[in-house]
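J.: What follows is the residue order along each chain.
2 protein chains.
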Amino acid sequence: MACSNIRYGAGVTREIGMDLQNMGARNVCLMTDRTLSQLPPVGVVLDSLTKHGVKYKIYEDVRVEPTDKSFKAAIDFAKQGHFDVYVAVGGGSVIDTCKAANLYASHPEAEFLDFVNAPIGKGKPITATLKPLIAVPTTAGTGSETTGVAIFDFENLKAKTGIANRALKPTLGMVDPLHTLHMPSRVAANSGFDVLCHALESFTALPYNLRSPCPSNPINRPAYQGSNPISDVWARHALKIVAKYLKRAVRDAGDVEARSSMHLASVFAGIGFGNAGVHLCHGMSYPIAGNVKTHRAKGYNVEHPIVVTINCIILPFKNLGSVSFFFFSTKSKDDAGRVLADTLRSFLYDLEVEDGLSSVGYTKEDIPSLVKGTIPQERVTKLSPRAHTEEDLTALFAASMKLY
Amino acid sequence: MACSNIRYGAGVTREIGMDLQNMGARNVCLMTDRTLSQLPPVGVVLDSLTKHGVKYKIYEDVRVEPTDKSFKAAIDFAKQGHFDVYVAVGGGSVIDTCKAANLYASHPEAEFLDFVNAPIGKGKPITATLKPLIAVPTTAGTGSETTGVAIFDFENLKAKTGIANRALKPTLGMVDPLHTLHMPSRVAANSGFDVLCHALESFTALPYNLRSPCPSNPINRPAYQGSNPISDVWARHALKIVAKYLKRAVRDAGDVEARSSMHLASVFAGIGFGNAGVHLCHGMSYPIAGNVKTHRAKGYNVEHPIVVTINCIILPFKNLGSVSFFFFSTKSKDDAGRVLADTLRSFLYDLEVEDGLSSVGYTKEDIPSLVKGTIPQERVTKLSPRAHTEEDLTALFAASMKLY
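Protein chains in written order, with my numbering: chain H, 515 to 918; chain W, 515 to 918.
It should be emphasised that the hints constitute simulated quantities derived from the structure, not laboratory data. Mixed in with the good hints, there may be bad ones.
Said to hold, decoys possible - List of simulated lysine-lysine pairs, DSSO-like, C-alpha gap at most 27 angstroms:
#1 Lys916(W) - Lys672(W)
#2 Lys636(W) - Lys593(W)
#3 Lys758(W) - Lys758(H)
#4 Lys761(W) - Lys916(W)
#5 Lys638(H) - Lys672(H)
#6 Lys754(W) - Lys758(H)
#7 Lys636(H) - Lys586(H)
#8 Lys916(W) - Lys878(W)
#9 Lys569(W) - Lys754(H)
#10 Lys586(W) - Lys569(W)
#11 Lys754(H) - Lys754(W)
#12 Lys636(H) - Lys593(H)
Please take these sequences and the hints and turn them into a complete structure.
T.: Following this line, the structure appears as structure tokens:
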């Protein structure tokens, strides 16, 4: 497994201009979104670039929950700019968009679908060397600063998919806990559950030595390797932090200890799932995001329908029993699954996460299309520790209509 | 912090020929020592190179506990060979020697002392791009497959020193638990204590935000950053594994679970101390190795005097009290230090580690020169969580003459 370079500390982003100078950057592409561009995290970066005389262009049209269309707009900007270094300041949407822009600007001849995960795309290998990318995460959730993954909604198919390749891993992640103090409480809750899902799923993913097919040549191995002794360290540790700090981080934006801890937890979980992978929960969530029609997530300043809590909305509890062994103390193995499920439910309730699929506008009638949308996600679903049929998926979606 | 690429699994080294093919290697330098060259770990690598038609030259003259002289011999071999990839199969001595050979072959103009740590050497920055290096560790101790450090005995000064630079980090560490099954019991014990020291020292090292001087430019930061929330994860986890498996791994060479666990623990501890650093214990150990005259370590097939357990021989217990909080359950903070010290002593006793400096030929008369030899090691000693005078060092050496 590999993990990215991470620099952690309050105020580390103030140094970014110096880092870019050290890298000999002459023409930097700074990507962010319209909300963040008005906030301190971007301000600090701009001041540092100016102070060290680093030339840059800003792209602030990143879409929260990006689509193939929004990816392509960013890619066009990158192609025209001929940039030598990329800087992404934002949450997973910004960092993922920046990864895609860097990738396709380095592969100007490529069709958009060339690198998108099969079967939706062609999943071709990346041969060009990408430009350095510095990721400055402002949410504590996606862990995108540590992974080789870029996720988007493919609008024609109404499904989430992405690009997964080690080559997309940021050169450096600057994890500055001060940035997370600007997260609205809802964003802290939703991104916190994202951390929880990353950790739970990567910890419970099929073990690396049971994954199949097992390519004879290491170069053909998938980015998602299956759970392994190293990713388990990260997942386990992230879960402990979430259990201890998530509620505090949501309740009080000024709780620096809780918010910095959750920020680190998202890094830890990211390193874990970036190597081990995620499974059913994420695979099932992709069509949900793609099919949602009217739901507006609270606390997000966007004009389009999004669901940001999809992962936790459909946590397939049954798969996760074993986890509660360390996550909570349970008397016997038998009630481990129940204890975990109950604890997660009360978490979701206490933090006022939408109560299941019905709360974001889905009905039983939608289940067949949700199941259909999950099938092509086998890149992740095949890492589920339990084999599953379409009937199982139907049952899981039905059980996810209401949670508490 | 950064951590290296690690591939873990029983039999992974069988793939190495394919990896070298993927890297386009045409002329590989394989470094090992004379004992290992007769053993399966090297055999597996050679078979894989042959099977995939990878051309290579073997250097098997690595010295266990290398010196500036043995480093230079390996460097000459590397310079003459014009290699495009390096493969190190062995313990820390082999991997460190290979790092140095790669470094100086990539910097043919450099004097040997140019990159050696100041104040002994000039500690110059490394500007050339080194060739890829694949490390295949056969002991579970040094963690050298994860670090940017290469340690050697500087014979003129009778002191250990080294080269510490991120550029030395192996490109890939292939951690194959099967290899550790060939470790003699003594080597398992000594390298296991090395893991213990790496984890304890990096966990108790001065926190990264208290380290001084604090270079204004990130590029001037030392390889050893001080303890931080990420290195702590590795140190803590390594300690738990050591507590659970070290004795089993020493007692029974066939205990695959224990030996593989210790192999992983050395990787975890290596990633931790490779970023956080080590402190007093290592700093004080360097002159010990340099000054030892006649001691022959049990279980090592070498013709020169070496001490391999120096680190644990002088564990400065007092600094480590806090650690026992998670390492062992203690009733109150007050007895934490005592509990840890006692537990370490019984570990050392049970595993028949030499009983202190006196057991390897040192007397009180040697203490002044040992203290003198520790002074130039401030690269590490300054990371001690507790300030110390020459008197403190004298007292610590005196207390280390006999341990149990």
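J.: Hint by hint, say whether it matches the structure.
T.: To see whether the hints hold, each was checked on the structure:
1. Lys916(W) - Lys672(W): Given that 27 angstroms is the threshold and the Cα spacing comes to 23 angstroms, the pair holds.
2. Lys636(W) - Lys593(W): Roughly 21 angstroms separates the two Cα atoms, so the pair holds.
3. Lys758(W) - Lys758(H): With Cα atoms ~26 angstroms apart, Lys758(W) and Lys758(H) stay inside 27 angstroms; holds.
4. Lys761(W) - Lys916(W): holds (22 angstroms)
5. Lys638(H) - Lys672(H): OK: Lys638(H) and Lys672(H) at ~22 angstroms, within 27 angstroms.
6. Lys754(W) - Lys758(H): This hinted pair holds, its Cα atoms lying about 21 angstroms apart.
7. Lys636(H) - Lys586(H): Since the Cα atoms of Lys636(H) and Lys586(H) sit roughly 17 angstroms apart, the hinted pair holds (cutoff 27 angstroms).
8. Lys916(W) - Lys878(W): Roughly 11 angstroms between the alpha carbons, so the hint for Lys916(W) and Lys878(W) holds.
9. Lys569(W) - Lys754(H): With a Cα-Cα distance of about 48 angstroms, the restraint between Lys569(W) and Lys754(H) is violated, given a limit of 27 angstroms.
10. Lys586(W) - Lys569(W): Holds, at about 24 angstroms.
11. Lys754(H) - Lys754(W): Distance of about 16 angstroms is within 27 angstroms: holds.
12. Lys636(H) - Lys593(H): Distance of about 21 angstroms is within 27 angstroms: holds.
Checked against the numbered hints given earlier, this structure breaks only hint 9.
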